[in-house]
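Undergrad: Those protein sequences? They're chains A and B, same order as listed.
Counting in my numbering, the first sequence runs without a single skipped number right up to 298 at its last residue.
Counting in my numbering, the second sequence runs without a single skipped number right up to 997 at its last residue.
It is worth saying that the hints were derived from the structure and are not from the lab.
Check each hint, because a few of them may be wrong.
Unchecked claim - Some chain A residues well away from chain B (every beta-carbon gap over 12 Å; in silico):
1. Ser193
2. Ser210
3. Gln222
4. Asn225
5. Gln226
6. Leu230
7. Ser238
8. Asn245
9. Ser257
10. Asp269
11. Glu272
12. Gly289
To be verified - Residues from chain A that face chain B, not an exhaustive set, calculated with beta carbons under 8 Å:
13. Arg206
14. Pro224
15. Leu228
16. Asn284
17. Phe288
Note that beta-carbon positions come from the ideal geometry of N, C-alpha and C, so glycine has one too.
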Amino acid sequence: AQSVTQLDSQVPVFEEAPVELRCNYSSSVSVYLFWYVQYPNQGLQLLLKYLSGSTLVESINGFEAEFNKSQTSFHLRKPSVHISDTAEYFCAVRRKAAGNKLTFGGGTRVLVKP
Amino acid sequence: NAGVTQTPKFRVLKTGQSMTLLCAQDMNHEYMYWYRQDPGMGLRLIHYSVGEGTTAKGEVPDGYNVSRLKKQNFLLGLESAAPSQTSVYFCASSALVLGETQYFGPGTRLLVL
């Protein structure tokens, strides 16, 4: 079985400052990796995902994440956050070989302050 | 194209009561899922379905039942609600492609007294 650890439950950050959300996973097999975002009172939306190829993946709104196989990490970063980035962010993994079930981390709540 | 919809949005139950949560998707997806979200625990998979007429248990299936009689609908039932089932429930769907994105509904907030 796999597991996902998001080390920070809450991250306060000032507008236009950088932010990094940490995600580590454990799995005995190869996995796909995902970051989902949940805005207040909404469902989850895919932010970005790593399936194969370049280990650095980017989203359309300026986030990026890097897959590090040796450290089993998939940290999410943004160089300059906006107020609208206030949300909860979830890291998730899925085994490549079996089904389409996701295992989620506990989530990191990002609060962007003006 | 509404995506994934859930009804109801909010419900209050008394312990021992039963209810059914409805999930509908209009994307012709094969896979459908039910999750519960609790503070600090992320989302945990309750049950899922890989196609019409098939269901399987997830990580936390106890106290819940599901049915997938039509491809577009996935029902989650609570036969005898307990306070421990107070949570936010999310339905999701995905296509039959490895690594495919799961699309989530807006959630149902359930309070069991």
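Undergrad: With reference to the structure, classify each hint as holding or not holding.
TA: Status of the hints after comparison with the structure:
1. Ser193: 6 Å, violated
2. Ser210: 15 Å, holds
3. Gln222: The claim is violated: Gln222/A sits with its nearest Cβ about 8 Å from chain B, within 12 Å.
4. Asn225: Contrary to the label, Asn225/A does not stay out of reach of chain B, its closest Cβ about 8 Å off (not over 12 Å).
5. Gln226: Not fine: 6 Å to the nearest Cβ puts Gln226/A too close to chain B.
6. Leu230: 5 Å, violated
7. Ser238: 15 Å, holds
8. Asn245: Consistent with the label, Asn245/A stays out of reach of chain B, its closest Cβ about 16 Å off (over 12 Å).
9. Ser257: Given a closest Cβ separation of 17 Å, the condition holds.
10. Asp269: 19 Å, holds
11. Glu272: Since the minimum Cβ distance to chain B is about 9 Å, Glu272/A lies within 12 Å and the statement is violated.
12. Gly289: Answer for Gly289/A: violated, closest chain B Cβ roughly 5 Å.
13. Arg206: At 14 Å from the nearest chain B Cβ, Arg206/A fails the 8 Å test, so the hint is violated.
14. Pro224: It is violated, given that the least Cβ distance between Pro224/A and chain B is near 11 Å, above 8 Å.
15. Leu228: 4 Å, holds
16. Asn284: Status holds, d = 5 Å.
17. Phe288: 4 Å, holds
Going through the hint list in order, the structure does not satisfy hints 1, 3, 4, 5, 6, 11, 12, 13 and 14.
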